[in-house]
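Enquirer: These protein sequence lines are chains A and B, in that order. This note's numbering puts the first residue of the first sequence at 1177, with every later residue one more than the last. This note's numbering puts the first residue of the second sequence at 26, with every later residue one more than the last.
Think of the hints as simulated: they come from the structure by calculation, not from any bench. Since the structure is predicted, the reported quantities are computational estimates derived from the model, not experimental observations. Quick reminder that beta carbons are idealized off the backbone N, C-alpha and C, glycines included. The reader is advised that the hints may include incorrect statements.
[Stated by the list, open to error] With a straight-line cut-off of 25 Å between C-alpha atoms, the simulated PhoX-like cross-links for lysine-lysine are:
#	chain 1	residue 1	chain 2	residue 2
1	A	Lys1192	B	Lys111
2	B	Lys111	A	Lys1214
3	B	Lys175	B	Lys78
4	A	Lys1326	B	Lys111
5	A	Lys1326	A	Lys1206
6	A	Lys1326	A	Lys1429
7	B	Lys54	B	Lys29
8	A	Lys1215	B	Lys78
9	B	Lys111	A	Lys1206
[Said to hold, decoys possible] The following label-pair restraints were derived from C-beta to C-beta distances:
#	chain 1	residue 1	chain 2	residue 2	range
10	A	His1334	B	Lys29	47 to 57 Å
11	A	Pro1191	B	Lys29	33 to 43 Å
12	A	Pro1441	B	Glu57	44 to 54 Å
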Amino acid sequence: MALHNRHLLGLQGMPKEDIQLILDTAVSFKEIINRPIKKVPTLQGKTIVNLFFESSTRTRTSFELAERRLSADVVTFTAATSSVSKGETLKDTARNIEAMKIDMVVIRHNAGGSAHFLSRIIGANVINAGDGQHEHPTQGLLDMYTLREKFGTLEGLHVCIVGDILHSRVARSNIYGLQTMGAKVSVCGPATLMPRGIEKLGVDVYFHLDDVLPKVDALNVLRIQLEREAGGYFPSLREFHRYFGVTKERLDKVGKPIAILHPGPINRDVELSADVADGPHSLILQQVENGVAVRMAVLYLLGTQN
Amino acid sequence: MPAKQTLIDAKGFARTVTRLAHEIIERNKGAETLGIVGIRTRGDLLARRIAHKISLMENLSVPIGSLDITLYRDDLRGKLNQPQLKTTDILYDIHDRNIILVDDVLFTGRTVRSALNALMDIGRPASIQLAVFVDRGHRQLPIKADFIGKNIPTSFTQQVQVMMSEIDGEDAVYLLDEGGNS
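Model the full assembly from the supplied sequences, consistent with the hints where possible.
Expert: What follows is the structure, encoded as structure tokens:
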């Protein structure tokens, strides 16, 4: 059993058995990261480069921990410290790093398609850690892992993604992955933050949160990037919170528990009220824990392929 | 069809498990400090049988766990098929216990090397003793079993198949000539 692809660029078109394999493999790694010694020698001798052209704390830390716990040698470049700030192109950066004999690259970049581009010009395995507004496959996988752990299966589950769908790579990876695994996906947010033609992906579109809440098992609440307010996508954060904020009062009205996911970092009392974020149905910290296990699974499956 | 020779039949299988259990108790002067760990998949099943025998004989319950050594293998890169990862399931603290590590066949010793490293990452046992059902020789590492069900001289290309009723429908050990598929 092995993955069909030697890169992880996105969940669009990824076969169901590959997603299944990653999620199943992650179960074993979750056991390992709960041991006193959270380290296995599997990727000993492999060198992994993390190229983070966009700022990120959670994803970068999660990848670094996953890599180190598999005993790989790890180098991390961030935009501020790299030669990108001196005007080097992505292609040159990649070629130069490859000349240093590396095995895998994890890339986060603000341009959609950058991971695909990289996978075509270098020989190392490429893992997309978020490219522009395109995809963030490991986030999609860890969301699915967390939901599967909670509900036992993804088949038949109804998940609604709430908030800024337009700019969200997390939304796209979730839609592709969840649908492949047999879940139903809806999206909900202000019309200005809803990409045109999103229904062609097979999702139901809602513009009122209260309409969709009674139908769903879980909400994946996206982060509102605060600079969008200035971009004119919605009048004010307070108004956004009033119409699309996930609050305890809203959830209580539904009368059944709804699991809450959020890719972080949270804007408390904007997209998610504090009592829900810290409430009994919040899976947010499980997501973070599972993120390391899922990334270990991806690194293991790609790094030990032939 | 390669030649297939029966080395141990069902009755012999049960006797061998009983003898191994006796030897383990004798060497350790009881079973109070023991913990049994089987290497997945068949070592795990054997470990359960041995633990069951010991528990009956000593009238106490011996803690048991299973170990998946996939992540510690030294041949991950050369394998044609990626082995499926299973979970390590040792729910007791191995610290300061006398651990009986159980596997079905001792061959090159590489699996045992992986298992020793895996165990050391989980804790610091007082000792690790190795129990195998079949020792077929051809060691590539300086590893030796403490308890052996049966010594079987083999040629390197032959295969030893340990069958267990839990997954194979029968208890037996077979020797297959070269070209046999396991």
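Enquirer: Sort out which numbered hints this structure fails and list those numbers smallest first.
Expert: 7, 8
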